[in-house]
Amino acid sequence: MLLGRPVWDGCGVSIAVRSGAARTGASDAPGSGRVLECVDLHKRFGELEAVRGVSFGIDEGETYGLLGPNGAGKTTTISMVCGLLEHDSGEVFVAGKRLTSRSVEEKAAIGYVPQELAIYPDLSARENLEFFARLYGLPRGQAADRVNDVLAVIGLADRAGEPTRNFSGGMQRRLNIGIGLLHRPRLLILDEPTVGVDPQSRNAILESVERLSSEGMAVLYTTHYMEEAERLCDRIGIVDLGELKAEGTRAELVALVGEHDGVSIDGVGDLEAAARELEILAPVRTARVRDGGIELIVDHARTVLPELLRAAAEAGVAVASVEVTEPDLEAVFLHLTGKALRD
Amino acid sequence: MRPALVILGKDLRQRLRDRSALLVAIVVPLVLASIFGLIFHDAIGGRLSFQLGLVDQDHGPAAQAFASSALAPLERRGLITVVREPSLPAGRRAADQNKVAATFVIPAGFSRAVGHDRAAAIRVLGSVDSSIGAQIAQSIARSFAEATNTARIVAAATGAKTISAPLVASVPAPVSIADVSTKSRQLDAGTFYAAGMAVFFLFFTVQFGISSILAERRDGTLARMLVAPIHRNAIVTGKLLTSLVLGCASMGVLAIATHFLLAAHWGNVLGVTILIATGVLAATCVMTLVATLARTPDQAQSWQTMVALVLGMLGGAFFPVAQAGGLLATLSLATPQAWFIRGLENMTGGAGVSAVLGPAAAILTFALITGGLAFTRLGRLVAR
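Going down the list, the sequences are from chains A and B. Per the working numbering, residue 1 is the first one in the first sequence, and the count goes up by one each step. Per the working numbering, residue 1 is the first one in the second sequence, and the count goes up by one each step.
Isolated chain A (complex conformation) (with noise of 0.2 Å):
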């Protein structure tokens, strides 16, 4: 999917730029309330140690995510977080206060949204998110109010009174997160809320967690997509054989793997002569001909690009198409773990 912004669209040939966070860098730091501490996490099942020595933090209007594959440890480590499951070693520290799986009133500052939809099919919407307000403590009065404020902002409102085995599967996500907020809840966990869900259903749930986060709420979000960890995440923590293997913004995540860009070339011609060419440039490292193009590891692709498609025509290549690839979590994952992040 090409979600960047076309840098160059000329004579038939057109050009995108793919990835590009959507919030990166310092400037979007976060409040300087910490809501969320966790500190030298370990868990162990057995013979297998699913989290190892995990440690992260989380600030006031902050959305951090743990990128990993499936298996990874981040159920385990959010499971910890909110309190489900007592952890071996580590603490947890939420809202300052210290919490483990016996913490009553510490667990009001958190709002668990669970990767499977976690809602009672017989209940009506309604139904279903005044059982868990009252659940977490509010007064009746109260709760008929958020439950009409929550209704509204998942977009539920006019079924709130049919029972949710009726809704569709993208009605029930969003039901699934409307019930984590129903008590304005200072940390918002989210554990791979988009599985499973159609393209718009997925669009409306990365849009909540953006508005969410601005309005100041602190937000930690589990995903093994990278395109979401790109878009939500201030800052990302990426996971793998339940080791934290680095944290950072996605820019400090690139730089510290320093991967080059990638473009691909497609066109015709003698494209074992026009890969020689390229190669002799400076800004080229690699230039490898596959079926119908050419694919080059360069530096600053956007700066030499039109050095490139001027040696390829030189070549005798008729360049019919052009991708710029920046590096994206994907490599940096490849090089932090050897491997891809949905193998």
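Just so you know, the hints here were simulated from the structure itself, not pulled from any lab data. Worth double-checking, as some hints may not be accurate.
Partial list, derived from the structure: chain B residues whose beta carbon lies under 8 Å from chain A [what the hints assert, rightly or not]: (1) 10; (2) 13; (3) 17; (4) 224; (5) 225; (6) 226; (7) 228; (8) 229; (9) 231.
Beyond 10 Å from chain B on every Cβ pair, some chain A residues (computed) [as the list claims (entries may be wrong)]: (10) 197; (11) 272; (12) 285.
Take a look, some chain A residues computed to stay more than 10 Å from chain B by CB distance [claimed, not checked]: (13) 33; (14) 37; (15) 52; (16) 96; (17) 144; (18) 153; (19) 158; (20) 186; (21) 203; (22) 214; (23) 227; (24) 245; (25) 255; (26) 289; (27) 311; (28) 336.
We treat Cβ as the ideally placed atom computed from N, Cα and C, and that holds for glycine.
On the provided structure of chain A, position chain B as indicated by the hints.
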């Protein structure tokens, strides 16, 4: 306590919308109690009575002796009704059409054969649709034959040349069928099956409460509750309350419904209330124990069904197992169902609350033992 009540309210709302729960808690036990009550009305607590035909082709003294000394006493006690048929075809037809359970046929020359020590036979034409009645008829005929043979021995011993009717009649009554219509400590069929089915299905009804924790774990909603700012005990308490409320509601509705619809006589209201309360507690405790042993809701349901069936059968919810005596009767005392029914039996004839205290104590003991074991494992239900 408030979170537990919130969970109770949600669970009750779900159960009220679940037709299968209503079926198990109310409809099925009511229907089964009606059916069993009708089928076994005469066999349990009612009066046993069969209609039997008689074709007398002999008209001699031995035939009269059979009618007067073998059949008449049983008829007077209401245990049988004798219908005289004019001919063998008519008698056979009555049995074939199940108008009578069986027809006795006394052939011509029967008295002469009996009187002169020759072979004689009473034929019994049984209805295929009334096997018990036919067997009773055979027993009556066989017993009369044995009495006649006894009379022959008496005649031989005393030097009498013929067997007379007074001699046959002097032999003790050939057949003894106890009148089972006792009024003392015996529930009538309607009440027995109303109570039996109610207490049998009670064990299925309470499942819906405590076992729903396992379903909530499977469906992810338990995790959501565990993240809420409530004590984990509140979740278990809410589920236990659901079981208790469902059990009490089911038993209460069934007691009232069977009283009015099936004319069941449950007895003293306070006594019945005590039995229901202890019975619901026992059912909840044992089903909770089973739930704590299971890993999945399906596993829990299977095991709970087995436990409910075994306890129900052994406890005499379907048949009065205690009357079988022996090991079975002893084992039945280990079930709350048996004590529940015994408590109701103790109240028949107008006995008061004191009559149920013993059975209630036995049920409570069962509840304490199973509940104590369940308590040690309750944490598993809300652990991740």
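So, going through the hints one by one against the coordinates:
The interface hint given for residue 10(B) is met, as the beta carbon of that residue sits about 5 Å from the closest beta carbon of chain A, less than 8 Å. Contact between residue 13(B) and chain A, as hinted, is supported at the beta carbon level, the nearest pair being about 7 Å apart and thus within 8 Å. The interface hint given for residue 17(B) is met, as the beta carbon of that residue sits about 5 Å from the closest beta carbon of chain A, less than 8 Å. Because the closest C-beta pair between residue 224(B) and chain A is about 5 Å apart, less than 8 Å, the hint holds.
The restraint placing residue 225(B) at the interface with chain A holds, with a minimum CB-CB distance near 6 Å, inside the 8 Å limit. Look at residue 226(B): its Cβ gets to within about 5 Å of chain A, closer than 8 Å, so that hint holds up. Because the closest C-beta pair between residue 228(B) and chain A is about 5 Å apart, less than 8 Å, the hint holds. Interface restraint check for residue 229(B): the shortest CB-CB distance to chain A comes to about 4 Å, inside 8 Å, so the restraint holds.
A least Cβ separation of about 6 Å between residue 231(B) and chain A falls short of the 8 Å threshold, and the interface hint therefore holds. Once the 10 Å rule is applied to beta carbons, residue 197(A) is consistent with being away from chain B; the minimum gap is 16 Å. Chain B leaves residue 272(A) outside its interface by the beta-carbon criterion, the shortest separation being 56 Å against a cut-off of 10 Å. Every CB of chain B is more than 10 Å from the CB of residue 285(A) (nearest about 48 Å), matching its label as outside the interface.
With a minimum CB-CB distance of about 20 Å to chain B, residue 33(A) clears the 10 Å threshold, and the non-interface call stands. With a minimum CB-CB distance of about 18 Å to chain B, residue 37(A) clears the 10 Å threshold, and the non-interface call stands. Non-interface status of residue 52(A) relative to chain B is upheld: no Cβ of that chain comes within 10 Å, the nearest being about 19 Å off. The beta carbon of residue 96(A) is kept farther than 10 Å from every beta carbon of chain B, the shortest such distance being approximately 16 Å.
Every CB of chain B is more than 10 Å from the CB of residue 144(A) (nearest about 14 Å), matching its label as outside the interface. With a cut of 10 Å on Cβ distances, residue 153(A) stays outside the contact zone with chain B, its closest approach being about 18 Å. Distance check on residue 158(A): its Cβ is at least 22 Å (rounded) from any Cβ of chain B, clearing the 10 Å threshold; non-interface status holds. Residue-level check passed: residue 186(A) sits 13 Å from the nearest beta carbon of chain B, beyond 10 Å.
Interface exclusion of residue 203(A) from chain B stands, the closest Cβ pair being 24 Å apart, more than 10 Å. With a minimum CB-CB distance of about 24 Å to chain B, residue 214(A) clears the 10 Å threshold, and the non-interface call stands. At the 10 Å boundary, the C-beta of residue 227(A) stays outside the reach of chain B, the nearest C-beta of that chain being 25 Å off. Once the 10 Å rule is applied to beta carbons, residue 245(A) is consistent with being away from chain B; the minimum gap is 26 Å.
Every C-beta of chain B lies more than 10 Å from that of residue 255(A), the closest at about 36 Å, which supports listing it as non-interface. Listed as a non-interface residue, residue 289(A) keeps its Cβ farther than 10 Å from every Cβ of chain B; the least gap is roughly 50 Å. With a minimum CB-CB distance of about 57 Å to chain B, residue 311(A) clears the 10 Å threshold, and the non-interface call stands. Distance check for residue 336(A) against chain B: the nearest CB is about 29 Å away, which clears 10 Å, and the non-interface claim stands.
Checked against the numbered hints given earlier, this structure breaks none of them.
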